[in-house]
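Participant: Sequence:
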Amino acid sequence: MEAINNDKNCKTLWRHSKDLNSTTDHNIDMITYEDKNLTDKIDIVNCLNDHFSSVGENLIPHPHSNFESEKINNYVKSKINDNTLFSLYTVTNGDVFKYLTNLDINKSTGTDGVGPRILKVSKSIIVDSLTHIINLSLCTGHSCHASSTVCFHACVYVTGFLDEIK
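Throughout the sequence shown, residue numbering follows the numbering used here, covering 1 to 166 in sequence.
Derived by calculation from the structure, the hints in this document are not laboratory data. Being a predicted model, the structure only gives us computed values, none of them experimental. There may be inaccurate statements among the hints.
[What the hints assert, rightly or not] Each computed BS3-like pair below joins lysine-lysine, with the alpha-carbon atoms no more than 25 Å apart: (1) Lys-120 / Lys-107; (2) Lys-123 / Lys-107; (3) Lys-98 / Lys-123; (4) Lys-41 / Lys-98; (5) Lys-79 / Lys-98; (6) Lys-41 / Lys-79.
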């Protein structure tokens, strides 16, 4: 313990931490799913994949409207089994507002050039536009680029707000 308390070298501290919390790798030899014992590695992997790709559906307390996007549906179908349920839901203003409220203002600015502090401060003003942009992106399968009309109008709106608070 003294070595941990006195050592300032991160590499050494991590080595001590690993020594204290040593674990060994355990391979899964068998898993029971729906009263069947699965022992084949591929079956185990597929079982876990099916479980974790569909468990999110049960975590949504009140699902919002589900939308159809041929582009997204085709992509998803190419990646998962036919019997696996996968859905994307639109986000609400409340979802976006909650996320903006919990933003860490000490994080760095993203590629859009808008820092977390300004997003958090202006959340009540930008929440409607941002929710619309996110849902539009989800529904169309296209991401919002700085040159797009929707983003341009949202940025003008936010920029006007920023000029007012300076």
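Participant: Each hint should be assessed against the structure and marked as holding or not.
Facilitator: Structure-based check of all given hints:
no. : hint              : result
1   : Lys-120 / Lys-107 : holds (12 Å)
2   : Lys-123 / Lys-107 : holds (17 Å)
3   : Lys-98 / Lys-123  : holds (9 Å)
4   : Lys-41 / Lys-98   : violated (41 Å)
5   : Lys-79 / Lys-98   : violated (31 Å)
6   : Lys-41 / Lys-79   : holds (19 Å)
Of the hints listed earlier, those the structure fails to meet are numbers 4 and 5, in rising order.
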